[in-house]
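Letter by letter, the chains look like this.
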Amino acid sequence: MITAMLRHPFAFRRDHRFTMEHASEFLDGDLPPDELARVEGHAHACPMCARFLASLRRTVRAIGGLRHTPAGADADAVTEAVLARLRAEDDAEPGH
Amino acid sequence: MGDADEAPTVTPVPASEDADLVARAKQGDRLAFEDLVRRYADRLHAVVLRLVDDRHDAEEATQEAFLRAWRSIDRFKGDSQFFTWLYRIGVNEAHRLTGRRAARPAVSLDEQDVPPADPALGPDARAQHDDLRAALESAIRALDHDYRAPLVLRDVEGLSTAQAAAIMGLGEAAFKSRLHRARLAVRDAVRDHLPQEPRA
Chain G
0 MITAMLRHPF
10 AFRRDHRFTM
20 EHASEFLDGD
30 LPPDELARVE
40 GHAHACPMCA
50 RFLASLRRTV
60 RAIGGLRHTP
70 AGADADAVTE
80 AVLARLRAED
90 DAEPGH
Chain Z
0 MGDADEAPTV
10 TPVPASEDAD
20 LVARAKQGDR
30 LAFEDLVRRY
40 ADRLHAVVLR
50 LVDDRHDAEE
60 ATQEAFLRAW
70 RSIDRFKGDS
80 QFFTWLYRIG
90 VNEAHRLTGR
100 RAARPAVSLD
110 EQDVPPADPA
120 LGPDARAQHD
130 DLRAALESAI
140 RALDHDYRAP
150 LVLRDVEGLS
160 TAQAAAIMGL
170 GEAAFKSRLH
180 RARLAVRDAV
190 RDHLPQEPRA
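From first to last, the protein sequence lines stand for chains G and Z.
Residue numbers for the first sequence follow numbering that gives the first Met the number 0, so the first one is 0 and each next one is one higher.
Residue numbers for the second sequence follow numbering that gives the first Met the number 0, so the first one is 0 and each next one is one higher.
Among the hints, a few may not be true.
Label-pair distances were calculated between CB atoms; the ranges are [unchecked claim]: (1) G/32 <-> Z/28: 26 to 32 angstroms; (2) Z/27 <-> G/40: 56 to 62 angstroms; (3) Z/71 <-> G/50: 34 to 40 angstroms; (4) Z/170 <-> G/4: 32 to 38 angstroms; (5) G/39 <-> Z/171: 18 to 24 angstroms; (6) G/49 <-> Z/125: 25 to 31 angstroms.
Here are a few chain G residues that sit away from chain Z, every Cβ distance over 12 angstroms (derived from the structure) [stated by the list, open to error]: (7) 9; (8) 11; (9) 60; (10) 78.
Hints are computed from structural coordinates only; laboratory data are not their basis.
Where a beta carbon is used, it is the ideal one built from N, C-alpha and C, also for glycine.
Next comes chain G alone, as it looks inside the complex (with noise of 0.2 angstroms):
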């Protein structure tokens, strides 16, 4: 970190920047080529941003393992419910 900060700091603190603002879209595969090996070859020179990059990687992947466990109510009931609500508003006013 501190060779690359050293030999050019202007570079270094721009490509930090760069990090920290685009970690999502490097850790969600949406940048082109150019930029994702700007924010690789900084994670490697950059202990700090390998932390944030990993730690928001593991953020990411652990809100994700909320979607197989959806809090809340019995999902066939709020079918039915919708589906009951829907019978009986079409039943009073046939058409929509």
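Based on these hints, arrange chain Z on the given structure of chain G.
Same frame as chain G, now just chain Z:
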């Protein structure tokens, strides 16, 4: 180092499978629309539940979204996928409800049990899982709607950036900006609960 393959996106049902049902529903075939309800009610409810903080509001918003969709199915032009259009109605309905209830303290979700951890985990791992899960739920609830909805659609539901941005009615750049800010806020809130990265 990019992780595109680690965050698979989810398409609820191929668009082609909806097209016939939508076409029949447009002709007034309620049974076709009922099939769309069966296809999407649970997922829409899961999204809305994370946006409104209240079980009863979530059920109301889900029902209202489907009723609105049924009433206005004639106006669905088919230039987006049906579920994108439906989810947009649901997200707007959730936003409308939370605005209406803003003055009322939301407690219902706090009363819910935290879904159990994998029983194969040891006691320490289970406790860690439950702590992380509770911290995540709390951090997501603390986000404003404008940031919470992108995170729920993209990261919890696993929709693609394009799909989630379309549901929010945002350009992709604006959507990505909100998503990033939401992720940073959640990361800051849960960082002490995150599992450590295995050392290489």
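We went through each hint and held it up to the structure:
1. G/32 <-> Z/28: 26 to 32 angstroms: 48 angstroms, violated
2. Z/27 <-> G/40: 56 to 62 angstroms: At roughly 59 angstroms between Cβ atoms, residue 40 of chain G and residue 27 of chain Z fall inside 56 to 62 angstroms, so the hint holds.
3. Z/71 <-> G/50: 34 to 40 angstroms: 49 angstroms, violated
4. Z/170 <-> G/4: 32 to 38 angstroms: Because 35 angstroms falls inside the window, the suggested range holds.
5. G/39 <-> Z/171: 18 to 24 angstroms: 22 angstroms, holds
6. G/49 <-> Z/125: 25 to 31 angstroms: For residue 49 of chain G and residue 125 of chain Z the Cβ distance comes to about 30 angstroms; the hint holds.
7. 9: Answer for residue 9 of chain G: holds, closest chain Z Cβ roughly 24 angstroms.
8. 11: Fine: 18 angstroms to the nearest Cβ keeps residue 11 of chain G off the interface.
9. 60: With a cut-off of 12 angstroms, residue 60 of chain G comes too close to chain Z, as the shortest Cβ separation is near 7 angstroms.
10. 78: 4 angstroms, violated
Violated hints, in rising order: 1, 3, 9 and 10; the structure is consistent with all others.
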